[in-house]
Amino acid sequence: MSQIDELREILVGGNAQEIAELRERLENLDQRTRDVAEVLAPAIGEGISKDDQLIEAFKAPVSQSLKSAIRTEPDSYAEILYPVMAPAIRRSISQAISSMLVTINQTIASATSKEGLQLRFEAWRAGVPYGQLALRRSLIYRVEHIYLIDRESGMMVTEYTKAETSILDSDAVSAMFTAIQSFVQDSFSQSEDDRLTDLKVGEYNVWVAHGSKLMLAAVIDGDPPESLKFEMYDVLDGIQSDYAQQIADFDGDNEAFGEVSGRLEPLLQLRAREEPDAEADGAQSQDEPQTPGTRKVLLIAAAAIIALVALYFWAVAANQRLVTETMLAQTPGLAISNVSWEGDKLRVEGLRDPDAEIPFAKLAAHGVTEADLEFATVPFRSLQPAMEMTRLQGELQPPSSLTMHPLEGRISVAGTAPVTWLMQHDARLRQLAMEKRIDYSQLHADTATVLDYIIANYSQALPARQSELLAQLGHQPWHKVPAKTVLQLK
Amino acid sequence: MVGDFAVGKTSLTQKFVNNVFSDKYLTTVGVKIDTADVSDTKLVVWDVAGRDALSPINAAYLAGAAGIVLVGDGTRPETIKSFAEIWQTVSGKLGDVPVVVALNKRDVDGWEVTDDLLQTSIQSSWAVFETSAKDGSNVPELFAALVDRINC
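Line by line, the protein sequences give chains A and B.
Under this note's numbering, the first sequence has 372 at position 372, and the numbering climbs by one with no breaks.
To convert a position in the second sequence, counted from 1, into this note's numbering, add 1000.
These are calculated hints, taken from the structure and not from any lab test.
Where is the CB? At the ideal position from N, CA and C, for every residue including glycine.
Do not rely on the hints blindly, as some may be mistaken.
Heads up, simulated DSBU-like pairs for lysine-lysine below, C-alpha to C-alpha not over 30 Å straight-line [stated by the list, open to error]: (1) A:229 <-> B:1024; (2) A:490 <-> A:480; (3) B:1093 <-> A:213; (4) A:213 <-> B:1042; (5) B:1042 <-> B:1134; (6) B:1081 <-> B:1024.
From the derived model, a few chain B residues whose C-beta atoms are all more than 10 Å from chain A [stated by the list, open to error]: (7) 1042; (8) 1044; (9) 1064; (10) 1075; (11) 1088; (12) 1125.
The following residues of chain B were derived to be distant from chain A, with all beta-carbon distances above 10 Å [to be verified]: (13) 1034; (14) 1038; (15) 1086; (16) 1124; (17) 1126.
Same shape as in the complex, but just chain B:
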């Protein structure tokens, strides 16, 4: 799980793994690890601390990853624009791995995802889901798609 600060990586993971959601924001330090079973595949989810201009993603946490969930905040376009930079780090470390994109916080007012933004920030091979960690919409689909792509 990679993306900018406060886009909802931990919330998506917790919703998916434990089916819980909390409004409190707790920043992730380093990485948090959870596991979940998707059909007959066991996912070990590395919820990596969010990045910003001053703190890039720690590439060490990407080592050995079989797939990536790129998470952006649909109410903050800049978090989607930064996919390019994140992808540079990820592909530098892992090469062309399966990617699914979560445009999160679909339940919150002020959705600012435009076609133009999608065209410029998202590669055609990536599967995109508009998700809500709060109501859980598209969360299982997001991880199921990732597993499908990994197992292909």
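The following block holds chain A by itself, in its conformation from the complex:
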């Protein structure tokens, strides 16, 4: 043992072992880590309960770590936040949609009612757009303007408004709120805690939420629910805690508060008039979107559609009846007195010649089939020329050398015909002529056939008799041939 060691032994004695151990602990990194880990949690707890220094020290690194972690693993954080954010987003969207639906329904309903017409008249008289007046009447309340004001100076920190309602100088309004606040407090109360919270000017309500440094004033058209106050305080508290430093440094320059107006936006809400039992809760009104206004509109629309359909069918039926009546009236052999719908059939009344041809093909083109028609007609013989022609042609089977055409109420039968045909139909032709149904004064026997007839039947007769026969049958109109002669020749 050296002298120094001896001296050390004398000075520190038995503690040398402990010193060596302490040195070992300090130099050994693992050991030191274990030591710090042991005291870290209680030390943080102690530091936080003591004052805000530790929180301040942690703020920046924690915030930075969080940002970095979110950037690296956005999906994981989105998953964690989803259960918190999703319901709030859903609720906000459903509220916005339901408010819009209610307003639209209300506006449509009012536009079609007596009140709606009255409103139109009022809008015209007042020279304001109908939509603006209707919307205003249909609203219970609408927050039109939100001001965030520095309590101390009365200067406006920021504002949020519906663009079309922004007609006032926001800085002046903010200052005025503060002035009124001071005036009221000075005049009515000495306590700092007694503050002006509500103002009513005409149809406008001004609600003021007071924070330690800021105040939030909402200009509301109509009567809002009390719950709006809580929302205002929520927003105000949030801003005051998140912008504490900027508020403390506020000197009128509101650049640092650029993003605050976004927080005010949810307060710019409106609520339309609806059924007394309909709740302010957007979800419920979304479940039952049919207000009486909607039902009324739907009923009117349905009735209009039904009326249109009925009108269409009525028009089709009327057209079918008219077409049928016209066509049948033009059909030879029919004398129609009435055509009318009897159930699903068209009943045709009048006189009907059995030979008349009903134009079913033409009627089918207009949707009238044979099955649709029900004839309640009395049979008769039509003397219309067309019918007579048809009938005579069927009966007489005239040769092609004959022509038949209507002439002065009769049928003219003209031309030359084989003498055999003439002799066969002689009696009938004479009868028809007597009945004044035909005129056959221009009907002649074909001379060649007369000669053939004479040769065939009278070849043994004297030439004089042959000449007489030829003159009688072939050289004069047939009606001049005596009936007796014809009978004899037969």
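Chain A is fixed; fit chain B onto it per the hints.
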């Protein structure tokens, strides 16, 4: 805008903001607020009700002010003498803020502003303007000077 009753605070403000002047005297109750743009600075002008021995200035209306226009009536020396008392209230609330002084009614006969009065009532750091709300003389200069001092 602070000063005694009827020195022309509202008239100066209206001349500056709206370029109008009225001979009618309407006393201001509480405070009236207007805004005006001076170059690229927006001024929110608090026209505070005038004071007298019985009604001191309501200090609540001074809160947050960036500058002060002290207004006196050049035809009534007592309204200039009371600057000291007004300044006590103002500086008590705001500390050493920029101040411009308007000695108003320069167009009216009976101007009684003397050097002695100025020396005893007006601090050397204050900018002084002899103004007329009626003809508008020195009114824009008054507010421009205030804005300059605030922005310094």
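Structure-based check of each hint:
| no. | hint | in the structure |
| --- | --- | --- |
| 1 | A:229 <-> B:1024 | 43 Å, violated |
| 2 | A:490 <-> A:480 | 17 Å, holds |
| 3 | B:1093 <-> A:213 | 17 Å, holds |
| 4 | A:213 <-> B:1042 | 22 Å, holds |
| 5 | B:1042 <-> B:1134 | 24 Å, holds |
| 6 | B:1081 <-> B:1024 | 25 Å, holds |
| 7 | 1042 | 6 Å, violated |
| 8 | 1044 | 5 Å, violated |
| 9 | 1064 | 2 Å, violated |
| 10 | 1075 | 30 Å, holds |
| 11 | 1088 | 19 Å, holds |
| 12 | 1125 | 21 Å, holds |
| 13 | 1034 | 6 Å, violated |
| 14 | 1038 | 13 Å, holds |
| 15 | 1086 | 18 Å, holds |
| 16 | 1124 | 26 Å, holds |
| 17 | 1126 | 22 Å, holds |
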